[in-house]
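Got chain A; can you put chain B on it based on the hints?
What follows is each chain in one-letter form.
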Amino acid sequence: MRSPGIRATPPADGAGSVFRVFAYLTVVSIRNRFVTMVKQIRNPRYAIALVIGGVYIWFFLFNRTEMPRGRSGGPFASVEVELLAAVGLFVLFMRWWLFGNDRSALAFTPAEIQFFFPAPVTRRALIQFKLLRGQLAIIFNAMLWVLIFGRSESELPPVLRAVSIWALFTIFMLHRLGATIVRTATAKHGKAGAKRNIIALALFGAATVGLMWTAVEAYPIVRNVSGMGAIIRTLAEVLQQPVPDALLAPFRILLAPTFAQTSSEWMKAFPTVLLIALLHYVWVIRTELAFEDAAVEASAQRARRIEAMRARRSGGVKPVRAGNRSWIPLAPLGHPAVAILWKNVLAFTRSSGRGAVAIPFAIVLSAIVLITVSSGEVALATVIGTVALAMAAFSVLVGPRFVRLDLRQDLMHLRLLRTYPIEGSALVAAEVAGSTLVLTVTQMLLLIFAHVVLLAQPAIGVDAAIRWAILFIAPAALLVINAASVTIQNGAALLFPAWVKIGTAKSGGVEVLGQSILTMLASLIALALALLPPGIMAVAAFAGIQFVFEDAFLAATIVAIVLGLVTLAFEVGMAMSLLGEVFERGEIVSAGNP
Amino acid sequence: MIEVDQLTKFYGTLTAVDRLSFTVARGEILGLVGPNGAGKTTTLTSLAGIIIPTGGTVRIDGFDIARAGVEAKSRLAFIPDEPHLFDYLTVEEHLRFVGRLYGVADVAERIPSLLAELELTEKTRSLPGELSRGMRQKLAIACGLLHSPTALILDEPLTGLDPGGIRKMKTTISARAREGASVILSSHLLHLVQELCTRLLVIKRGQLVALGTIAEIVAERPELAGLELEDLFLALTGDPSDAAR
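Read top to bottom, the protein sequences are chains A and B. Residue 398 in the numbering used here is what sits at position 398 of the first sequence, and the numbering runs on without skipping anything. Residue 237 in the numbering used here is what sits at position 237 of the second sequence, and the numbering runs on without skipping anything.
Simulated from the structure, these hints should not be mistaken for laboratory data. Ideal Cβ placement from N, Cα and C applies to all residues, glycine included. Don't take every hint at face value.
To be verified - A few chain B positions that, by computed beta-carbon distances, are all more than 10 Å from chain A: (1) 22; (2) 23; (3) 25; (4) 80; (5) 87; (6) 235.
As the list claims (entries may be wrong) - Distance windows between CB atoms, simulated: (7) B:68 - A:329: 30 to 36 Å; (8) B:71 - A:34: 51 to 57 Å; (9) B:238 - A:582: 39 to 45 Å; (10) A:496 - B:207: 31 to 37 Å; (11) B:105 - A:585: 28 to 34 Å; (12) B:64 - A:533: 20 to 26 Å; (13) A:39 - B:57: 52 to 58 Å.
So here's chain A without its partners, still in its complex pose (with noise of 0.2 Å):
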């Protein structure tokens, strides 16, 4: 039976004939995934996921009481927050020009490449086909930007800012797109190609050097401000200064509509936004041939992505070249848990880049640079210090949820893993291991910076001794907490594979959220009923030797800790035990699961 959508016309040639096309498929596909989702909310557990998912998001657009403010109301308000804006436009479009390799922006799926390269449609209908279905999630972010930050004071009406925002989100996608066809088709012709790229790259680079130099002149005035707002609205007074004024004057031309405050603004700033991203159109549209090649290459390697990706039941991770040989070694000979830890832990060197371990050096190394060079500068090293204690202890809460080089990567290998000659409780003990060592070195770095940064700071006012006290005691203590805590992450995902997200495949949706929820808090009630008896015990002791030893204070305290710590990585090995039966013993349900 015919689609009553779309009638069987000639060749798709006009913008009419694309438009229909992408309409049928978009509503086709819209309407098939509400089904897929009417049909899964009969199961439970996606109607409670929904319910749940869908009463945050009420909560989060529609219930707030507290809204990012500006100086009058709304950051669209806000002239510090426009300025800041304006140098994040600048980095992106100098990113975009200079060192953009994303080609997402014009890969087209596998099923579009099958059905719209052999069809007799033309490559600017292709184009158009492209640039409609970029404006679905432009229309709906900026409908959701102006539910997030556009409630505010001023007289603007939300409907008009959304605008700004659609045509704004429109420029940056077409400019992201026309520069990835330059660049790809300059890229094409090598060296001659490279040099094309040299109208960009001085433009950028003069650009880059003029805020350069504003930011090395303005050091001595920011660096004396304390508070995090002091801060930003004098970092805002030095973007007003003539050069970096020009330089990024034509950002925050794109960026007036949006920050306009009344409608009289927001009609004199608009029309010139209007006609660059109608500039902007032209431009990109007229790179046929270019966009043919580039989008050729872009979805060729999108396809290779997702062909190696089902091939390994992965989910979207992104080619990464080996390069040399590794750095860590590995013995033929020894437990064969050491195996699991080592190519994890050289998954995450990997995953991550070799920022991924550059990184916390590099912030170790910054932080005696600061110290170095701003001593007696006591504000701002209290509020970097104190950031770094605020991230150490938010990687605790949250860490284990979002460092996953565990049984959540792993299970989706479930059916290789099971044939290894390894016990199960050793398997799972390696994997926690993975994600353990990581977020423990992660920690005690940021501890380390803070430590560093706050040493000639009294005025926290914990003593020095505490302070070296703390950082002594923090690797053991730590890692057991770590490893409770991403146990349990573990425990989830063998125990509920269905709760739990699996590989990196991505996935949407209110109900995935909500989901996501309930196991972040039934994640969190178990951490708190795992920490119970460690903390029954230390207590405990603690009040014990009190009783029965005057002035015993720092005796107790150690063998309280030491107590609890002794505890909680009895259950952590109690809990990797009978894990490991779930593990050898339990089914495969895994939607996941090959």
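Chain B only, in chain A's frame:
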């Protein structure tokens, strides 16, 4: 040696494998064939210790895979039709990783010859994402062969291989059997099964339909005499009218 006794697997009310018993001696290649949904993969994954059978026992060189899993698995290799590789390990690192898991002391010496045997030498430093489908399959095979298993279980091992790769793989399978490995080969490529396998195990709806050499099967079912392998297969597993065509 692979010994399977009364192997049974239920999925809820569905009986995927029903009291299957057979033995694969050292040096023997057993071809496992059956129509889609016959229970081949369930059988193979049960033998490899991936899924837990509802009933029955599987022994690899005398070690019960349910009770002495580590000992049994250290002698076993399971090569599935879909290669499962780790995204961030190179070809060589996969082999070093597997070497450590299986305690292969001379892994450094084995790797070059194995890579050469499977024509992967030039891809030593490549990640799986940089390999073609066929090369990934070869790497999975290399990982399976690295520790010289005495029991080799292959599920459609030639999927994705080019003609040269197929020939190499056939040679490799035969060589491993000659060296004393017990091999189970599941494939829909009946000519491959006929060429390589010493015996045939035909299953349908989880139950054993026929077991033995083609001559032995025909001897038991004289009405099958003179049929080509494809017709024989259809007669054993499919609609009788298919065989008559």
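Hint-by-hint comparison with the structure:
no.	hint	verdict
1	22	20 Å, holds
2	23	21 Å, holds
3	25	22 Å, holds
4	80	7 Å, violated
5	87	5 Å, violated
6	235	33 Å, holds
7	B:68 - A:329: 30 to 36 Å	31 Å, holds
8	B:71 - A:34: 51 to 57 Å	53 Å, holds
9	B:238 - A:582: 39 to 45 Å	40 Å, holds
10	A:496 - B:207: 31 to 37 Å	35 Å, holds
11	B:105 - A:585: 28 to 34 Å	31 Å, holds
12	B:64 - A:533: 20 to 26 Å	37 Å, violated
13	A:39 - B:57: 52 to 58 Å	41 Å, violated
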